[in-house]
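A.B. asks: Sequence:
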Amino acid sequence: MTALNHALNKLQSGVTSLCLGDNYIGGLGFGAEGAAHIAEALKTNATLTSLGLGENNIRDEGAAHIAEALKTNATLTSLNLGGNYIRAEGAAHIAEALKTNATLTSLGLGENNIRDEGAAHIAEALKTNATLTSLNLGVNNIRDEGAAHIAEALKTNATLTSLNLGDNYIGGLGFGDEGAAHIAEALKTNATLTSLNLNCNDIGAEGAAHIAEALKTNATLTSLELGGNYIRAEGPAHIAEALKTNATLTSLELGGNDIGDEGAAHIAEALKTNATLTSLNLGVNDIRDEGAAHIAEALKTNATLTSLKLGACQWSCLCTKRPRENTDA
1 MTALNHALNK
11 LQSGVTSLCL
21 GDNYIGGLGF
31 GAEGAAHIAE
41 ALKTNATLTS
51 LGLGENNIRD
61 EGAAHIAEAL
71 KTNATLTSLN
81 LGGNYIRAEG
91 AAHIAEALKT
101 NATLTSLGLG
111 ENNIRDEGAA
121 HIAEALKTNA
131 TLTSLNLGVN
141 NIRDEGAAHI
151 AEALKTNATL
161 TSLNLGDNYI
171 GGLGFGDEGA
181 AHIAEALKTN
191 ATLTSLNLNC
201 NDIGAEGAAH
211 IAEALKTNAT
221 LTSLELGGNY
231 IRAEGPAHIA
241 EALKTNATLT
251 SLELGGNDIG
261 DEGAAHIAEA
271 LKTNATLTSL
281 NLGVNDIRDE
291 GAAHIAEALK
301 TNATLTSLKL
311 GACQWSCLCT
321 KRPRENTDA
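Letter by letter, the sequence shown follows residues 1 to 329 of the working numbering.
Derived by calculation from the structure, the hints in this document are not laboratory data. Note that this is a predicted model, so its numbers are computed, not measured. Glycine included, each C-beta is placed from N, C-alpha and C at the ideal position. Any given hint might turn out to be false.
[To be verified] Using C-beta positions, here's what the derived DEER-type ranges look like: (1) D289 <-> K155: 41 to 51 Å; (2) A312 <-> K127: 34 to 44 Å; (3) A102 <-> K244: 37 to 47 Å; (4) E40 <-> L299: 22 to 32 Å; (5) E178 <-> L299: 30 to 40 Å; (6) T217 <-> K71: 17 to 27 Å; (7) A130 <-> K300: 40 to 50 Å.
Generate the whole structure from the sequences, applying the supplied hints.
C.D. replies: Structure representation (structure tokens):
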């Protein structure tokens, strides 16, 4: 009996969680055909709630099969399709299913190269979908146009609480400050998002300024990741100003931004009055003695920060991933 047949049998035996990820052997995986078998089982299965299909080379055709099953399946709540060479066409199929599916709460589409067109399809679905709470679109070559579509959806979506747009950093461009401006505009009115990952998107100091402006009025975001964005010393000045009034953010990632002593001084000044931040990562930022002195001074009066990271080994965003290219194109 093949591993796939064994898995399919499990789908009919009351199993609630199934991981088939990383069955990507010799550059083949179980591909679209395997996805078709899984999808067929999902149409009748009434127990499975979590399914991991990452790294299986299912591509757009396989995504279409899975999407078709999502239109009728009434139990699956978590689905991971990351690293499957899914492009805009596959994203379109998934998006169409999201418009009617009423059970899925978590969807992983990271490392698939869906690009701006695929992001537009997903964004359109987010305008009507009322169940999805967690969405991973990291490492998908999404630029400012795709960010604009996602941002527009965030203005009306009322269920999404966690969004990963990290590592959409391709060829030194990412979606940049313009994309950050779109996301920031959405944050001013969005009332559900609590966690946002914008790591490694080359938003720069200007992009940080846009996000900071949104933080002054946003009242739901608790976790924000801006690592590896080249915001330098000017960016932290804007972020620090926002931290002086923001009353919801508890976790902030600023690692790998080359903020230096000057940027550290800005953040330190904010820490003297901010009363909500509990976790702060400033690793890989070229902070020297002067910057450390500013941070230390702030810690003498700050009464909320419980986790502070300044070391190089403590920054998780490496900005090295790239979306998977479909070589059949």
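A.B. asks: For the hint 37 to 47 Å, verify it against the beta carbon of A102 and that of K244.
C.D. replies: holds, 42 Å
A.B. asks: Please test the hint of 40 to 50 Å on the beta carbon pair from A130 and K300.
C.D. replies: holds, 47 Å
A.B. asks: Look at the Cβ atoms of E178 and L299 and judge whether their distance stays inside 30 to 40 Å.
C.D. replies: holds, 36 Å
A.B. asks: Quick check: does the Cβ-Cβ distance between E40 and L299 fall within 22 to 32 Å?
C.D. replies: This hint is violated: roughly 58 Å between Cβ atoms.
A.B. asks: Taking the Cβ atom of T217 and the Cβ atom of K71, is their distance within the range 17 to 27 Å?
C.D. replies: violated, 38 Å
A.B. asks: Take a look at whether the Cβ-Cβ distance between A312 and K127 falls inside 34 to 44 Å.
C.D. replies: holds, 41 Å
A.B. asks: With respect to the beta-carbon atoms only, verify the hint that D289 and K155 lie 41 to 51 Å apart.
C.D. replies: holds, 45 Å
When held up to the earlier numbered hints, the structure conflicts with 4 and 6 and fits the remainder.
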